[in-house]
Amino acid sequence: MSSRPEKNPLPTGRAIIEMDGIRKVYDTGKVKVEALKGVDLRIEKGEFVAIVGPSGSGKSTLMNLLGCLDTPSGGDYFIGGEKVAGLTRDALAEVRNRRVGFVFQAFNLLPQISAFENVEMPLVFGGVPPKVRRAKAAELLGKVGLGDRMDHKPTELSGGQMQRVAIARALAMDPDIVLADEPTGNLDTTSGTDIMGVFLDLWKQGSTLVVITHDMVLARRASRIVEIRDGRIVSDRAAEQAA
Amino acid sequence: MKVIFHLFLQSATLGRKRAFLTIAAIAWGTVAILLLLAFGEGLKRQLGSNARAMGENIGVMWMSETTKAWKGMNPGRPIRVRIDDLPVLKSRLPELEDLIGEAIFWRTNLTSGRKTVAGRVKGVSVAYGEARKQYPVEGGRFLSPLDEAERRRVIFLGNELAEDLFGKEDPVGKTMLVAGAPFTVVGVMQKKTQMGAYAGMDKDHSIIPISTWKALFGRPTVNNLVLRVSDPAKMKDAIARTREVIAAKYGFDPADERALPTWDTVESQKTTRNMTVGIQIFLGIIGALTLLIGGVGVANIMYAVVKERTREIGVKMALGAKAGWITGPFVLEGLSYTLVGGAAGMLIATLMILGMSFIPTEGNQVMEFLGTPKLSPAIGAATASILGVIGLLAGYFPARRAAAIDPASTLRYE
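In order, the protein sequences belong to chains L and D. Taking our numbering, I'd label the letters of the first sequence as residues 1 to 243. Taking our numbering, I'd label the letters of the second sequence as residues 1001 to 1414.
It should be emphasised that the hints constitute simulated quantities derived from the structure, not laboratory data. A couple of the hints might just be wrong.
Straight-line alpha carbon distances no greater than 20 Å define the calculated SDA-like cross-link-like pairs of lysine to any residue that follow [what the hints assert, rightly or not]: (1) Lys-1191(D) x Arg-1120(D); (2) Lys-1322(D) x Leu-87(L); (3) Lys-1192(D) x Glu-1160(D); (4) Lys-1322(D) x Val-95(L); (5) Lys-1090(D) x Asn-1223(D); (6) Lys-1322(D) x Gly-126(L); (7) Lys-83(L) x Arg-1052(D); (8) Lys-1322(D) x Ala-91(L); (9) Lys-1322(D) x Asp-70(L); (10) Lys-32(L) x Ser-1409(D); (11) Lys-1322(D) x Asp-90(L).
Please work from the sequences and hints to get the whole structure.
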């Protein structure tokens, strides 16, 4: 499906995600909160991983670290074979741009511009030439079934449609990994199931997916379920495949 | 790029009223700085031309008494340069463009028809006209070499004295009496605003050839000398040299400056110029402070905008926008508010200054002294660069705050 399949070639013997003894401490001044207390996690290319756990378990922190939105306090993190620790803000931005596609619970589309322009955004930051960019945005919106809604603004779309635009945007730079944080949390059951279907299709086409959720129905559709509690991984098992 | 620009335009249309008020503040600051600088410029030019109205590159040397003993003679001896010695002195002073003797009779009867006023009559040579800017009104002339050589009874009048004597009539060619002797009026001086004078204002003096003056009043000495040089830088040396030559001729210590006290107008014009430049800098600083307040307004509005768009900034960061993509639009927006306001202010100020230039200065004492505000390329450049700097700063600081936003914390909740 990708026009540039070998954009980020993975060194042999390495996984897409390699986390080794990752710790994260939030220093609020008075108290130090240890959100992650040593997490080891390896995600291979083509996996569909669900990360589950109650609120406050550290899954959001893990998500921020996986997506390079934040840096760990200790431990080693490699994404696509690239070491993340010690990178500058701009270098982190570049890693996010090339390697990570985000899908958020609150969609986080920019309301002032059209669906098409929203999908174009990461390509602009990635320095992709306009012609290639437009073709890519149109292709992706067609793929998520919104080929006829490209010029609509986010406010003119339903929740499910907005999340489809967000998924198209996440795929724009052909990332190593798509990170979804409660992607169905703001959707009704029908739209939720619908979006789940889109993720399953992506996985079947070879994308690597990580979904954070507390919805076990959704989690069970993944290939692997990682459960996190009190900043530690407490279980890591293969899920039974429904599809 | 187009996407970013589109997003930028869409966001920029938010808070239109706030933007308008800020732009107005910048415009006001620009008007203030431009008017103040233009006022300073007008003052500088007017003071300069007023100061030059007495003459350019001239020095005035008065006759006084020696203050030092010299070759057995006691101090306190009066020094009086004789009219007949002037050609000899001039021949020994090649560095002077002109050496003019000025003989003054302070009060004598000047009569035209039935009207008599007490006036000042000066005897000078022809070069005085150019050196002291005695330009004749059209239809008349200043003294000529022949007037001097033939000791003619011709007279040149200051413009106010002419009006006193002749009213609205044209005096040129008319006959009048000077101390009872008939004279022909050959010219009237053009009106000028004169700042700085010795021996009274030019507008109410009268001038006759120095040869005629000597014969009429029977005094062989001058009251003062007028020295003119071609290069103002050489004025100091020329004055010292003149004193030496006169000292040799009249027998006094050439180092005795107080024997011939001198006014170096080149020096005093320099002082005037420095003073007006100082005034201009002062006015410029006041204007810049006013503009700075406008800049603080822009920065303020930009801080609010950064706060409003926190989520948008977080989203862009998550999508991989580097710092430049985040800060660029804010700097651009701050700069464009400032420049739009500045352009409006420049237009308004230019129109105001243009309007003020139509106010007649003629007959208005204050305006004759202060002059009308004037714009110059230097003022435009100074204002534009101050605007540019303020605009950049007003955008830069809020943009820096935007770039420091933590994307992780902005994205999670509605």
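Structure-based check of each hint:
Between Lys-1191(D) and Arg-1120(D), the direct Cα distance comes to roughly 18 Å. Compliance with the 20 Å bound is thereby established for this hinted pair. Between the alpha carbons of Lys-1322(D) and Leu-87(L) the distance comes to roughly 13 Å, so the proposed pair stays at or under 20 Å and holds. Simply put, Lys-1192(D) and Glu-1160(D) have alpha-carbon atoms about 11 Å apart, close enough for the 20 Å limit, and the pair holds. Distance hint between Lys-1322(D) and Val-95(L) is fulfilled; the C-alpha atoms sit about 10 Å from each other, no more than 20 Å.
Simply put, Lys-1090(D) and Asn-1223(D) have alpha-carbon atoms about 17 Å apart, close enough for the 20 Å limit, and the pair holds. With a C-alpha separation of about 10 Å, the suggested pairing of Lys-1322(D) with Gly-126(L) holds against the 20 Å cut-off. At most 20 Å may separate the alpha-carbon atoms for a hinted pair to count; Lys-83(L) and Arg-1052(D) exceed this at roughly 77 Å. Simply put, Lys-1322(D) and Ala-91(L) have alpha-carbon atoms about 8 Å apart, close enough for the 20 Å limit, and the pair holds.
For the suggested pair Lys-1322(D) and Asp-70(L), the alpha carbons sit about 15 Å apart, so the restraint of at most 20 Å is met. With a C-alpha separation of about 18 Å, the suggested pair Lys-32(L) and Ser-1409(D) falls inside the 20 Å cut-off, and the hint holds. Distance hint between Lys-1322(D) and Asp-90(L) is fulfilled; the C-alpha atoms sit about 5 Å from each other, no more than 20 Å.
Consistency note: the structure conflicts with earlier hint 7 alone.
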